[in-house]
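Trainee: Here the protein sequences come in this chain order: Z and D. To convert, note that position 19 of the first sequence is 1337 in my numbering; the numbers rise steadily by one, no gaps. To convert, note that position 61 of the second sequence is 67 in my numbering; the numbers rise steadily by one, no gaps.
It is possible that some hints are incorrect.
As the list claims (entries may be wrong) - Which chain D residues face chain Z? A few, computed with CB under 10 Å, are given here:
1) 18
2) 21
3) 35
4) 141
Just so you know, these hints were derived from the structure itself, not from any lab. Just so it is clear, CB atoms sit at the ideal spot from N, CA and C, and this is done for glycine as well.
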Amino acid sequence: MRIDKTASGSRSSKNTTKDIVILALCTALIFVQQVTLAGLPNIELVSLLVIVYAKTFRFKSLYIIYVFAFLEGVCYGFHIWWISYLYVWTILALITIALHPLRSPFIWAVISGVFGLCFGALCAIPYLIAGGPAMAIAYWVSGIPFDLIHCMSNFVLCLLLWKPLTTLTSKML
Amino acid sequence: MKKTNTNNKRNIIISIAALIVLAAVFFTAYQFLHPRGAEGTKTIHFNVVVNNETIKSVDIRTDVGYLRQALEEENLIKGEEGAYGLWVSTVAGRVADSGKEEWWALYKNDGLSMTGVDDTPIEDGDRIEYRLTVGYN
Chain Z
1319 MRIDKTASGS
1329 RSSKNTTKDI
1339 VILALCTALI
1349 FVQQVTLAGL
1359 PNIELVSLLV
1369 IVYAKTFRFK
1379 SLYIIYVFAF
1389 LEGVCYGFHI
1399 WWISYLYVWT
1409 ILALITIALH
1419 PLRSPFIWAV
1429 ISGVFGLCFG
1439 ALCAIPYLIA
1449 GGPAMAIAYW
1459 VSGIPFDLIH
1469 CMSNFVLCLL
1479 LWKPLTTLTS
1489 KML
Chain D
7 MKKTNTNNKR
17 NIIISIAALI
27 VLAAVFFTAY
37 QFLHPRGAEG
47 TKTIHFNVVV
57 NNETIKSVDI
67 RTDVGYLRQA
77 LEEENLIKGE
87 EGAYGLWVST
97 VAGRVADSGK
107 EEWWALYKND
117 GLSMTGVDDT
127 PIEDGDRIEY
137 RLTVGYN
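Using the sequences provided together with the hints, build the complete structure.
Mentor: In structure tokens:
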């Protein structure tokens, strides 16, 4: 992937064929692993992959995120939960882009863990609009045990897979 | 260099400690906020709707706090255990045909339940309804 550093430190590039192929492969990987791990309660690699993609590809990772969200809708249906997919992963990607100089896998594991913990609260926003505060709080509270699992699994998976995944994606550049 | 390493270690420890505190806050919030079933004997009204027709309507008297136990006591539901609790496939003898994308939507007091049958608390006078719904999309 051709990436040119600008004076401001941000990265910009034209989408070459190679870029498109790499982004498509990354999208396929994130979607396939989500479907494969769907039977496990909130144990997933989406958060970690979004962080790794955003750290590596910066704003181009948003292409992956939105194609992934679209595929999720096609696969599982465009229900109210799907609306949250339009912003939760973007929030994680933007946080990652803002904090990209950080190098410690522990810090990234904590960021991933916090995101897992807050996932239910973030996904409750469409329910707040659709059904009011009572519905949103009921949705969030009922999911807290799964958010705690999400937090722990995100933390552990990030610690275990950070180095191999970041090494692998950086080789794509 | 040594100072940077010390700072990094300190940042890591603070970050992990903050995560643990945040998780504890969420756990405490759950303990205080998650709905519990009312104690004592209660009567709930139970409906099963298929194709906009009520195929079963019954009042259930029970002492249990959660919906699953109340309905299982009356042999009204069956299903498969999953990671998120019981996935209800049969209600009042009617099996949802997954090949036709049929599934049972749970309503409590006319609103779509935000909890599964395992975690839905019941109180005296609650109206519970299962509606056979077609289509996952």
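Trainee: Does each hint hold? Answer for all of them.
Mentor: Hints and how they fare:
With its C-beta approaching chain Z no nearer than about 4 Å, residue 18(D) sits inside the 10 Å limit, and its interface hint holds. Annotation: residue 21(D) was flagged as interfacial toward chain Z, and the flag holds, the nearest CB pair being 4 Å apart, inside 10 Å. Hint on residue 35(D) holds. Least Cβ distance to chain Z is approximately 7 Å, under the 10 Å limit. Taking 10 Å as the C-beta contact cut-off toward chain Z, the hint placing residue 141(D) at the interface holds, the least distance being around 8 Å.
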